[in-house]
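All chains should be modelled from the sequences, with the hints used to inform the complete structure.
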Amino acid sequence: MTNNQQLKYMNLTLKIWRQEDSKAKGRMVDYKVTEISEHMSFLEMMDVLNEQLVNKGEDPVAFDHDCREGICGMCSMYINGEAHGPDRGVTTCQLHMRMFKDGDTITIEPFRATAFPVIKDLVVDRSSFERIQQAGGYISVNTSGNTQDANSIPISKHAADEAMDAAMCIGCGACVASCKNSSAMLFVGAKVSQYALLPQGQVEAADRVRNMVAQMDLEGFGNCTNTGACEIECPKGISLENIARMNRELMKASI
Amino acid sequence: MALNSKIPEGPIKDKWTDYKNHINLVNPANKRHIDVIVVGTGLAGGSAAATLAELGYNVKAFAYQDSPRRAHSIAAQGGINAAKNYMGDGDSTYRLFYDTVKGGDYRSREANVYRLAEVSANIIDQCVAQGVPFARDYGGLLDNRSFGGVLVSRTFYAKGQTGQQLLLGAYSAMNRQIARGKIEMFNRHEMLDVVKVNGKARGIIARNLITGEIERHSAHAVVIATGGYGNVYYLSTNAMGSNATAAWKIHKKGAFFANPCFTQIHPTCIPRSGDYQSKLTLMSESLRNDGRIWVPKHIEDAKSLQQRKMKPTDIPEENRDYFLERRYPAFGNLVPRDVASRAAKERCDAGFGVNATGEAVYLDFAAAIERYGKTQAKIQNLENPSKEKIYDLGRAIVEEKYGNLFQMYEKIVDEDPYKTPMMIYPATHYTMGGIWVDYNLMTTVNGLYCIGEANFSEHGANRLGASALMQGLADGYFVLPYTIGDYLSNEIRTGKIPTNTPEFDEAENDVKERLNFFINNKGEHSVDYYHKKLGKIMWDKVGMSRNAQGLISAMAEIKELREDFWKNVKVPGKLDEMNPELEKAGRVADFLELGELFAKDALMRNESCGGHFREESVELDGEQKGEAKRNDKEYAFVAAWEYKGEPSAAVLHKEELEFKDIELKQRSYK
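Protein chains in written order, with my numbering: chain S, 1 to 255; chain R, 256 to 925.
Since the hints were derived computationally from the structure, they do not count as laboratory data.
Each hint should be verified, as a subset may be incorrect.
Here are the computed lysine to aspartate or glutamate pairs in the DMTMM-like style, where the Cα-Cα straight-line distance is at most 20 Å [what the hints assert, rightly or not]:
(1) Lys268(R) - Glu918(R)
(2) Lys507(R) - Glu761(R)
(3) Lys25(S) - Asp831(R)
(4) Lys791(R) - Glu51(S)
Taking beta-carbon pairs under 10 Å as the criterion, some of the chain S residues facing chain R (in silico) [what the hints assert, rightly or not]:
(5) Met40
(6) Ser41
(7) Met45
(8) Glu51
(9) Asn55
(10) Ile71
(11) Arg126
(12) Gly137
(13) Asn151
(14) Ala160
(15) Glu162
(16) Met164
(17) Asp165
(18) Cys169
(19) Leu197
Glycine included, every Cβ here is placed at the ideal spot set by N, Cα and C.
Laid out in structure tokens, this is it:
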């Protein structure tokens with residue numbers, strides 16, 4: 001689609017983690033794909049591989065994906081040692097093949113963490129995130145519609161924008177996969193922050209942060225040692241400030 | 256069977272209040288003994304599950320994704336409408352009602368639309384209370400923007416991620432109920448059939464997508480909230496997994512399917528780049544607030560652009576055709592989606608497309624950048640600012656408004672949309688048609704409800720921007736919880752529904768038989784092979800412009816393709832494991848039936864209205880020459896189809912539409 005150059009095609013070697021189910025032992029398997037257009041998305045390249053495998057009667061590579069526009073948070077590949085691959089500010093589905101060149105070998109693994117067990121091939125179980133949210137990731141308001149008028153509590157634009165920046169988290173788990181400690185603090189910090197920044201979140205703030213952090217620990221996520229890899233790999237640019245805010249909230253809650 | 260829409264008597268503005276005052280209620284102690292199944296956890300399903308659980312019912316919720324938060328409502332960008340009149344620009348419940356009925360080209364049910372407009376304001380209150388971070392102005396109050404087809408600003412938004420924030424709000428309400436044990440959540444589960452006992456929906460058969468296990472679940476009522484069927488076109492803005500299986504299964508079990516041909520082709524999507532394309536990406540309608548749509552005036556220039564011998568910036572102003580501004584001076588670039596899409600297609604079909612495939616038009620921000628730049632220069636008291644300075648100032652404003660969308664475009668297309676105009680082309684986005692429901696949102700099967708995009712009710716033949724989120728949440732938070740209570744009040748003595756009955760046996764056997772067939776067939780072609788072929792037939796013959804001849808041949812081609820699918824489809828792997836190809840096979844099998852009914856419906860409706868354009872029905876002269884021509888005399892009805900074994904054998908039932916509060920008029924945006 002670029003106006004000026006000729007389309008570039010590439011031939012690639014893929015080293016992909018294959019694992020039949022959660023109990024099986026996994027292994028890396030090599031595959032070749034040819035004539036991959038630079039305008040394909042990474043997952044379209046995976047579609048080409050899977051079509052090849054299906055036509056040969058082999059089991060295609062299982063991977064999570066859905067919206068293919070970077071918002072649902074399903075896709076979760078660890079590509080050449082980075083969550084969502086070499087580009088910045090994108091999910092795997094937004095990664096394009098123009099980031100690679102002809103002849104490359106690409107290593108593709110699932111997001112790895114104790115709290116994210118592999119279900120099959122590149123698909124992992126992120127239900128630990130669900131349980132953390134259930135522990136307190138909400139405001140206890142009935143959905144009756146009998147709430148007060150939306151404009152009755154003004155919220156400063158700054159606070160609303162900051163809450164929005166935290167709320168952009170898509171729950172993909174790239175932060176956990178990127179962290180040497182498999183910490184989920186960026187994820188939990190983002191949710192705690194969204195509510196901590198809004199007046200509606202104040203009433204339950206102390207219980208919320210305590211319960212969410214307790215559940216996070218229970219799930220087997222590691223601690224934060226301020227490396228900052230999570231912030232760099234986060235497709236939505238969630239800031240480390242959210243971890244600091246969560247720690248402050250936790251401190252406040254325990255006084 | 257005669258259709259009964261069960262619209263309450265009385266003046267339109269009192270219907271819903273009177274209705275709520277007179278329905279039967281279920282006492283809290285009895286709610287504990289009543290189970291409800293909700294399939295789908297987008298805005299409609301998620302908000303319904305949370306609210307029903309909060310009322311005290313035992314809810315079982317199902318999603319094929321690994322979390323309710325990933326349902327495709329998450330991808331809605333632009334905003335949600337509500338008649339709050341915070342801007343003081345004359346908005347009201349009536350105006351939202353009127354705009355929605357007019358925007359839908361007078362093919363929706365007045366009473367439902369009025370109710371939707373009535374509860375819209377409550378949605379915003381509710382979401383703010385849940386901590387949804389809507390955009391605010393510097394005074395701390397909520398901000399609004401404009402969308403196509405209306406003359407007021409009533410769209411609330413959270414950057415370009417409004418759907419995400421609203422869904423996370425509903426998801427948080429669900430989480431609260433999951434934690435309390437009132438919602439039992441079944442992630443990575445797909446509903447494969449509904450179970451009817453004595454004419455009432457009493458449960459579902461679902462497949463655990465991790466283990467492959469087939470499960471039986473029973474309930475006193477079943478709610479389908481599984482979204483639209485846009486993926487029948489293969490390429491659409493829907494998620495890869497979005498499917499019509501739940502809706503199609505209930506259709507085959509007695510739920511009528513209404514207006515399948517009413518499909519929205521959204522004008523501003525990123526064009527296809529090659530045959531490998533797996534989905535299309537939407538660029539929010541909000542861009543049309545500032546972007547100007549054009550193609551070259553001269554065919555030679557278009558040819559040069561197509562052959563990449565020329566750049567859009569080489570074409571001087573006087574040689575550009577801003578075709579929406581030319582044809583629709585009153586609404587300009589903000590005409591409704593169906594009108595904008597057809598106008599773009601008309602230019603491209605005439606050879607004026609601007610990319611290699613000839614299927615793209617420009618969406619240009621140069622004028623907006625200059626306009627904002629000049630305003631900023633004035634605000635900053637700059638005398639004789641240079642062109643570059645104006646550009647920089649203007650660019651900063653455009654970036655603040657649409658930065659995330661511009662970045663998304665650049666990541667996909669690898670071109671800077673600040674410097675070169677965006678290329679856009681229409682793509683399938685939303686389906687107004689769906690399962691027929693009455694005022695209670697109940698289908699033609701007792702105890703079986705359908706909400707959100709999956710039903711047909713609110714948007715007529717064309718949906719206005721920012722109205723899908725409104726409908727999903729209205730249905731789930733504020734409408735269904737009342738209407739389903741009226742039905743469930745008769746179920747308090749029923750007791751638990753057993754699953755060891757012949758009805759469940761039969762449904763489970765049918766499901767298993769079909770899955771076994773797929774695995775054992777060992778055919779020649781992959782599921783995608785068939786899905787792509789179906790998509791091509793649909794796009795070429797049942798797409799933006801339709802005629803009798805094309806529709807007849809589409810029906811025959813789809814039937815033939817379906818027969819080939821059942822002979823030659825190849826599905827690898829096993830039943831009792833995670834098997835995405837097997838999941839796709841079931842979904843495509845259903846699309847191969849739905850597609851034919853879609854074409855049949857389009858053939859029957861020999862008028863042009865909303866997203867449905869019949870080449871045989873256009874205005875021949877006068878000011879509206881060449882525009883779509885609706886035929887109220889013959890087609891002011893909802894087409895509800897009853898399943899009779901083959902899609903081609905479906906029987907038509909008509910629900911005549913009455914317009915008592917709005918005068919039927921030609922929709923003019925000139």
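Cross-check of the supplied hints:
| no. | hint | verdict |
| --- | --- | --- |
| 1 | Lys268(R) - Glu918(R) | holds, 16 Å |
| 2 | Lys507(R) - Glu761(R) | holds, 15 Å |
| 3 | Lys25(S) - Asp831(R) | holds, 18 Å |
| 4 | Lys791(R) - Glu51(S) | holds, 19 Å |
| 5 | Met40 | holds, 5 Å |
| 6 | Ser41 | holds, 7 Å |
| 7 | Met45 | holds, 8 Å |
| 8 | Glu51 | holds, 6 Å |
| 9 | Asn55 | holds, 7 Å |
| 10 | Ile71 | holds, 5 Å |
| 11 | Arg126 | holds, 6 Å |
| 12 | Gly137 | holds, 6 Å |
| 13 | Asn151 | holds, 5 Å |
| 14 | Ala160 | holds, 4 Å |
| 15 | Glu162 | holds, 9 Å |
| 16 | Met164 | holds, 4 Å |
| 17 | Asp165 | holds, 9 Å |
| 18 | Cys169 | holds, 9 Å |
| 19 | Leu197 | holds, 8 Å |
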